[in-house]
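Q: Listed below, chain by chain, are the residues.
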Amino acid sequence: MVKIPIELNFFAGGLRPMLNVILSFEDPKIFLPVKAIIDTGSPTTLIGVSDMLRMRLSSLQLRKLEGSQREVNIGGGKVYTVKVDDFRLRVGNFLDTKMSVQFPISGEVKSQPSLLGVDFLEKIKANFCFNPSAKESYLEIP
Amino acid sequence: MEQQQLVKRFEKDSEWFYKNVDKLRKLGYSEQFVAIKNAQPIASDKSIEVVIRKLDKNKEDPSFIFIEFVHPDGYVLLL
Chain A
12 MVKIPIELNF
22 FAGGLRPMLN
32 VILSFEDPKI
42 FLPVKAIIDT
52 GSPTTLIGVS
62 DMLRMRLSSL
72 QLRKLEGSQR
82 EVNIGGGKVY
92 TVKVDDFRLR
102 VGNFLDTKMS
112 VQFPISGEVK
122 SQPSLLGVDF
132 LEKIKANFCF
142 NPSAKESYLE
152 IP
Chain B
7 MEQQQLVKRF
17 EKDSEWFYKN
27 VDKLRKLGYS
37 EQFVAIKNAQ
47 PIASDKSIEV
57 VIRKLDKNKE
67 DPSFIFIEFV
77 HPDGYVLLL
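Protein sequences, first through last, are from chains A and B. Every position in the first sequence, counted from 1, becomes a number in the numbering used here once 11 is added. Every position in the second sequence, counted from 1, becomes a number in the numbering used here once 6 is added.
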């Protein structure tokens, strides 16, 4: 088993487990480091609106990210997303995987952080430990 | 600067942000998006689009700059 340490940071009212992830995609070309929250309450992995804007994709490039569109409700706001398959997610030298992510195309919650959902934990077959009282968190992957 | 170094800097700046968010509030960045580079705020605004435009204007690549919203003290975000 490989143990991946998780940062714990106080953010927006609580201690959150966070992971540095590099997102990349072939066409359009995307290479973006993000700090994502591991959210076991979210079934899907979602790129935050501000992280999406950091990519500075043109409308032409955005049109290439076609997928099934849906409305996602987060913290009382709505984000409209497309599901993009084969997004590459890397965490240091620990893991390198490809999976579908929800990519925001518009939304009223611009401060929404990027989230690694249950689908991420399932994809990498992770055991997720989060012990707030001991301020300890890690992922174990096979 | 090489991509790997830019990623390392991004990660260090993100760590700095969470350790210094109270300090940023005291400096008047509450309810603003703040861009951090080398442990310093280099651009801020209530609009993320404006922050990115400011970075572009200063020839900074937003892809490798940590940007986060400074929530006011006591704010709770339910995910």
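Since the hints were derived computationally from the structure, they do not count as laboratory data. Don't be surprised by glycine CBs; every beta carbon is placed ideally from N, CA and C. Heads up, a few of these hints could be off.
Taking lysine-lysine and the DSBU-like style, the derived pairs with C-alpha atoms no more than 35 Å apart in a straight line are [what the hints assert, rightly or not]:
#1 A:LYS136 / B:LYS29
#2 B:LYS18 / A:LYS40
#3 B:LYS60 / A:LYS89
#4 A:LYS75 / B:LYS18
#5 B:LYS43 / A:LYS109
#6 A:LYS40 / B:LYS60
#7 A:LYS75 / B:LYS65
#8 B:LYS63 / A:LYS109
#9 A:LYS40 / B:LYS65
#10 A:LYS134 / B:LYS32
#11 B:LYS52 / A:LYS94
#12 B:LYS63 / A:LYS136
#13 A:LYS134 / B:LYS63
#14 B:LYS43 / B:LYS18
#15 B:LYS63 / A:LYS146
#16 B:LYS32 / A:LYS94
#17 A:LYS146 / B:LYS29
#18 A:LYS146 / A:LYS75
#19 A:LYS75 / B:LYS32
#20 A:LYS14 / B:LYS65
#21 B:LYS25 / A:LYS40
#22 A:LYS94 / B:LYS14
#23 A:LYS109 / B:LYS32
#24 A:LYS14 / B:LYS52
#25 B:LYS65 / A:LYS146
#26 A:LYS146 / B:LYS52
#27 A:LYS40 / B:LYS32
#28 B:LYS43 / A:LYS89
#29 A:LYS136 / A:LYS94
#30 A:LYS75 / B:LYS29
Looking from chain B toward chain A, a few residues come up when the C-beta cut is under 8 Å (computed) [stated by the list, open to error]:
#31 TRP22
#32 TYR24
#33 ASN26
#34 GLY34
#35 TYR35
#36 VAL56
#37 GLU66
#38 PHE75
Q: Hint by hint, say whether it matches the structure.
A: Hints, one by one, checked against the model:
Only pairs whose Cα atoms come within 35 Å are accepted, and LYS136 (chain A) paired with LYS29 (chain B) is rejected, the gap being roughly 39 Å. For the proposed pair LYS18 (chain B) and LYS40 (chain A), the alpha carbon gap of about 25 Å is at most 35 Å, so the pair holds. For the hint pairing LYS60 (chain B) with LYS89 (chain A), the CA-to-CA distance comes to about 27 Å; that is within 35 Å, so the pair holds. For a cut-off of 35 Å, the pair hint linking LYS75 (chain A) to LYS18 (chain B) stands: about 32 Å separates their Cα positions.
Between LYS43 (chain B) and LYS109 (chain A) the alpha-carbon distance is near 29 Å, which keeps this suggested pair within the 35 Å criterion. With a CA separation close to 23 Å, the supplied pair LYS40 (chain A) and LYS60 (chain B) stays within the 35 Å bound. Taken as a hint, the LYS75 (chain A) and LYS65 (chain B) pair is honoured in the structure, with Cα atoms around 26 Å apart against an allowance of 35 Å. A distance of roughly 34 Å separates the Cα atoms of LYS63 (chain B) and LYS109 (chain A); the hinted pair therefore holds under the 35 Å criterion.
Restraint check: the Cα-Cα separation between LYS40 (chain A) and LYS65 (chain B) comes to about 20 Å, which is no more than 35 Å; the hinted pair holds. Simply put, LYS134 (chain A) and LYS32 (chain B) have alpha-carbon atoms about 41 Å apart, too far for the 35 Å limit, and the pair is violated. As the CA atoms of LYS52 (chain B) and LYS94 (chain A) are separated by approximately 28 Å, the hinted pair is consistent with the 35 Å bound. Under the criterion of a C-alpha separation no larger than 35 Å, the hint pairing LYS63 (chain B) with LYS136 (chain A) is inconsistent with the structure, at around 43 Å.
About 40 Å separates the Cα atoms of LYS134 (chain A) and LYS63 (chain B), which puts this hinted pair outside 35 Å; it is violated. This hinted pair checks out: LYS43 (chain B) and LYS18 (chain B) have alpha carbons roughly 9 Å apart, not beyond 35 Å. A threshold of 35 Å between alpha carbons decides the hint, and for LYS63 (chain B) with LYS146 (chain A) the separation of about 40 Å lies outside it, so the pair is violated. For the proposed pair LYS32 (chain B) and LYS94 (chain A), the alpha carbon gap of about 39 Å is over 35 Å, so the pair is violated.
Taking the CA atoms of LYS146 (chain A) and LYS29 (chain B), the gap is near 22 Å; set against the 35 Å cutoff, the hint holds. Between the alpha carbons of LYS146 (chain A) and LYS75 (chain A) the distance comes to roughly 42 Å, so the proposed pair goes past 35 Å and is violated. Taken as a hint, the LYS75 (chain A) and LYS32 (chain B) pair is broken in the structure, with Cα atoms around 42 Å apart against an allowance of 35 Å. About 38 Å separates the Cα atoms of LYS14 (chain A) and LYS65 (chain B), which puts this hinted pair outside 35 Å; it is violated.
With a CA separation close to 32 Å, the supplied pair LYS25 (chain B) and LYS40 (chain A) stays within the 35 Å bound. A C-alpha spacing of about 29 Å is found between LYS94 (chain A) and LYS14 (chain B), which places the hinted pair at or below 35 Å, so the restraint holds. A distance of roughly 41 Å separates the Cα atoms of LYS109 (chain A) and LYS32 (chain B); the hinted pair therefore is violated under the 35 Å criterion. This hinted pair does not check out: LYS14 (chain A) and LYS52 (chain B) have alpha carbons roughly 38 Å apart, beyond 35 Å.
Between LYS65 (chain B) and LYS146 (chain A) the alpha-carbon distance is near 39 Å, which puts this suggested pair outside the 35 Å criterion. Taking the CA atoms of LYS146 (chain A) and LYS52 (chain B), the gap is about 32 Å. The hint holds against a cut of 35 Å. Between LYS40 (chain A) and LYS32 (chain B) the alpha-carbon distance is near 39 Å, which puts this suggested pair outside the 35 Å criterion. A hinted pair counts as satisfied when its Cα atoms are at most 35 Å apart, and LYS43 (chain B) with LYS89 (chain A) qualifies at roughly 30 Å.
Using a Cα cut-off of 35 Å, the hinted pair LYS136 (chain A) and LYS94 (chain A) holds, with the two alpha carbons roughly 21 Å apart. For the given pair, LYS75 (chain A) sits about 41 Å from LYS29 (chain B) by alpha-carbon distance, which is inconsistent with the 35 Å threshold. Interface restraint check for TRP22 (chain B): the shortest CB-CB distance to chain A comes to about 11 Å, outside 8 Å, so the restraint is violated. The criterion of a C-beta within 8 Å of any C-beta in chain A is met by TYR24 (chain B), whose closest approach is roughly 4 Å, and the hint holds.
For ASN26 (chain B), the suggested interface contact is broken, since its CB lies about 11 Å from the closest CB of chain A, more than 8 Å. Because the smallest distance between the Cβ of GLY34 (chain B) and any Cβ of chain A comes to about 17 Å, over 8 Å, the interface hint for this residue is violated. Checking TYR35 (chain B) against chain A by beta carbon gives a least distance of about 13 Å; that is not within 8 Å, so the hint is violated. Here the hint on VAL56 (chain B) is broken, as its CB sits about 11 Å from the closest CB of chain A, past 8 Å.
Because the smallest distance between the Cβ of GLU66 (chain B) and any Cβ of chain A comes to about 11 Å, over 8 Å, the interface hint for this residue is violated. With its C-beta approaching chain A no nearer than about 4 Å, PHE75 (chain B) sits inside the 8 Å limit, and its interface hint holds.
Taken one by one, the earlier hints fail for this structure at numbers 1, 10, 12, 13, 15, 16, 18, 19, 20, 23, 24, 25, 27, 30, 31, 33, 34, 35, 36 and 37, listed in ascending order.
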